[in-house]
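Engineer: Please work from the sequences and hints to get the whole structure.
Top to bottom, those sequences are chains C and S.
Numbering of the first sequence is given in the working numbering, commencing with residue 1 and proceeding in unit increments.
Numbering of the second sequence is given in the working numbering, commencing with residue 1001 and proceeding in unit increments.
Since the hints were made in silico from the structure, they are not lab data.
Quick caveat, the model's predicted, so the values are computed rather than measured.
Each hint should be verified, as a subset may be incorrect.
[Stated by the list, open to error] Every beta carbon over 12 Å from chain C, so not counted as near; a handful from chain S, in silico:
hint : residue
1    : Glu1005
2    : Gly1082
3    : Asp1197
4    : Pro1218
5    : Ile1235
6    : Gly1276
7    : Leu1297
8    : Tyr1315
9    : Leu1316
10   : Gly1331
11   : Leu1397
12   : Ala1530
13   : His1618
[To be verified] If you want a taste of the chain C side facing chain S, the calculated C-beta under 7 Å gives, among others:
hint : residue
14   : Gln3
15   : Leu5
16   : Leu9
17   : Val11
18   : Gln17
19   : Ala18
20   : Ser21
Note that beta-carbon positions come from the ideal geometry of N, C-alpha and C, so glycine has one too.
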Amino acid sequence: MLQRLIVTLVVVVALMQALRSLLPLRARVAVARWLQPRLPDRVIVWFAGQSACEACGGRVKPPSGQRTE
Amino acid sequence: MSPLEPCIALVGNPNCGKTALFNLLTGSRQKIANYAGVTVERKEGRLTSPAGRRMQVLDLPGAYSLHPRTPDEAVTCDYILGRLPGEVPPDLIVAVVDATNLSRHLRLVVALKRVGYPLVVALNMSDLARRRGVAVEPAALAEALGVPVVSTVGVRRDGAASLVEWLDAHFSIVRVAVEHVEPAEPDRGDVAATANDQREVERVLAAVGRLDPPIDTPSDRIDGIVLHPVFGPLILAVTLFLMFQAVFAGARPFMEALTALVAMVAGWINASIAPGLLRSLFVDGILAGAGSVVVFLPQIVLLFAFILVLEDSGYLPRAAFLLDRLMGGVGLSGRSFIPLLSSFACAIPGIMATRTIPNPRDRLVTILIAPLMTCSARLPVYTLLIGAFIPNRTLALGVGLQGLVLFVLYAVGLLSAFVAAFCLQFATGKRTLQPLQMELPSYHWPSLRNLGIGLWQRIEVFVRRVGTTILALMILLWFLSSVPAPPPGFTGPAIEWSLAGRLGSFLAHVFAPIGFNWEISIALVPGMAAREVAVGALGTVYSLAATGQDVAGALTPIVAQAWSLPTALSLLAWYVYAPQCLSTLAVIRRETGGWRHPLLVAGAMFLAAYIAAGVTYHVARWWLGAG
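Structural biologist: Written out as structure tokens, the structure is:
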């Protein structure tokens, strides 16, 4: 049971990391907005990128034109 | 950026040693991003002086004048003239000039002086100028120019000491001055204005007693051989050939050590965790997947070390000069060489480096053919297949067969790029002939420090990529290859029943005509994200296919046993062309401003890959009498 829990957690994190690496910024921000009510802010900031969140005091919104990475 | 920290902008002509000076000032405390709204790289670092003063240092793209001709120059000019949105203007400009070529470099200083910011001139490469007997006294130059001048040597550890000392001594002046600066517009940039600036430069040089450049320097003597019409191309070909030989031979012991390390970790996990889902995740997913990719780090480091040494020694611009005629024949200019050479490392910086090409048509063609250059992500795939199928034999003159095959694969990529450029001439219209004008910097010994920083940055990028994207994809592939579990009584390998197995069986129909089995077909799917992911994916797939062997770190013998030679050659041909890198396609979209060109590149390259792999497979089968 514990093994299944750990494996599920690892797979979910891997899925988020894959999306974070492969999705363009706009799509990432859209996913982050959908996830925002469901996950802690720290996870959202990691997923969407620091500058997308800094621009609006922790709330995720599309950046003002400056690329982050 | 903290408002209390002044911002110092390094400005200078290309190849004046600006980046070496930037590395010296900031060390590894660098942050690389993009300027707002454009895709030009922005390099920012932090300097803490011996007196404890903290300053931001900005390495601006090289510019010959304040009248831009390339996107890079435009960023520098817009930044200096306060037109770049979101950028705080500099508190001080450090104009970096090559002390061995003042007549060209001082023209930008004269233009910068007119803009009105506090300005200090860094007389870089002053050691080289002294050795050649063309050095000028900083004090005399400062008097003639009317701005402070300090001597620097970007490639020596203490080479920026006088500049840092000056910054410390004038820190308060720098902070106060900026509040009053309103940048002035530059002149019209026409012939008359340029001639005026050149006259001012000549007046300054006459005042310091340095007008005529030296006639015969050691660099000139070396160039006599290196740029010779016959010996030059020969030396270039031999240099590149030796580079690939060394990449293969030199990395072997380190790769073997890494393979043994990965296998040791796998053995330790096997002994510590009971058989089950968790152990399979670690051994079959993470170690067999990401571990198969990480063992190629030594080869990538060696390749980059060679490229950085060639770049730092001043040989690369010569290579561009040598290839100008050849590239002109296929409708490119010598300026395309450096972006294309960068693409050997990775197509992304290569495509971004095309911003230095002033002609939009040449730039577009260079962007479109850059993905055909053999990037370092192909190296793991090539090495895996060469190691498995090409015997480790030495031919005549100590030339290794495996290194030769690697060289040929690189040459095929380059040749294909030239053929594509030739064909694209008809699609992009007639090329207006532009003579190649570029700076040939003096030869110098590469700086170990710069080499170290450059290599460290590459290693960081590779390890981060393995630790994030590749690791994540490997875990997902392991998951898809493990669920659903086969029903009781199922006799085949469990992976065949899984989601990935079923997808592989379907894709195998598409790829069967070119000789790919279902394991390769599965590996190509996550391999769309990045080429080297396919190697990790093969590791995971074979590990889960219950081959009875420990796959982690030892994929080569399994592949050698499971595939036929035509299949291996077909996969090599596939990887010469296949556009399996989403990031490259995204960068092409960004640089060309639309989806048309990346889709064109992806479509054409997939078609070329399928045809090349098919032809290779069937010719190899026929040749070997297999079918």
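Engineer: For every hint, state whether the structure bears it out.
Structural biologist: Consistency of the hints with the structure:
1. Glu1005: At about 19 Å from chain C, Glu1005/S clears the 12 Å cut-off, so the statement holds.
2. Gly1082: holds, 17 Å
3. Asp1197: holds, 34 Å
4. Pro1218: Per Cβ check, Pro1218/S is outside 12 Å of chain C; nearest 43 Å; holds.
5. Ile1235: Ile1235/S is indeed farther than 12 Å from all Cβ atoms of chain C, at 39 Å.
6. Gly1276: violated, 6 Å
7. Leu1297: For Leu1297/S, whose nearest Cβ neighbour in chain C is about 19 Å away, the distance exceeds 12 Å, so it holds.
8. Tyr1315: Tyr1315/S is indeed farther than 12 Å from all Cβ atoms of chain C, at 32 Å.
9. Leu1316: holds, 27 Å
10. Gly1331: holds, 32 Å
11. Leu1397: Given that every Cβ of chain C is farther than 12 Å from that of Leu1397/S, nearest at about 45 Å, it holds.
12. Ala1530: violated, 9 Å
13. His1618: The claim stands: His1618/S keeps its Cβ more than 12 Å from every Cβ of chain C (closest is about 34 Å).
14. Gln3: holds, 4 Å
15. Leu5: violated, 10 Å
16. Leu9: violated, 11 Å
17. Val11: This interface hint holds because 5 Å falls under the 7 Å limit.
18. Gln17: With a minimum Cβ separation of about 4 Å from chain S (threshold 7 Å), the hint on Gln17/C holds.
19. Ala18: holds, 4 Å
20. Ser21: Status holds, d = 4 Å.
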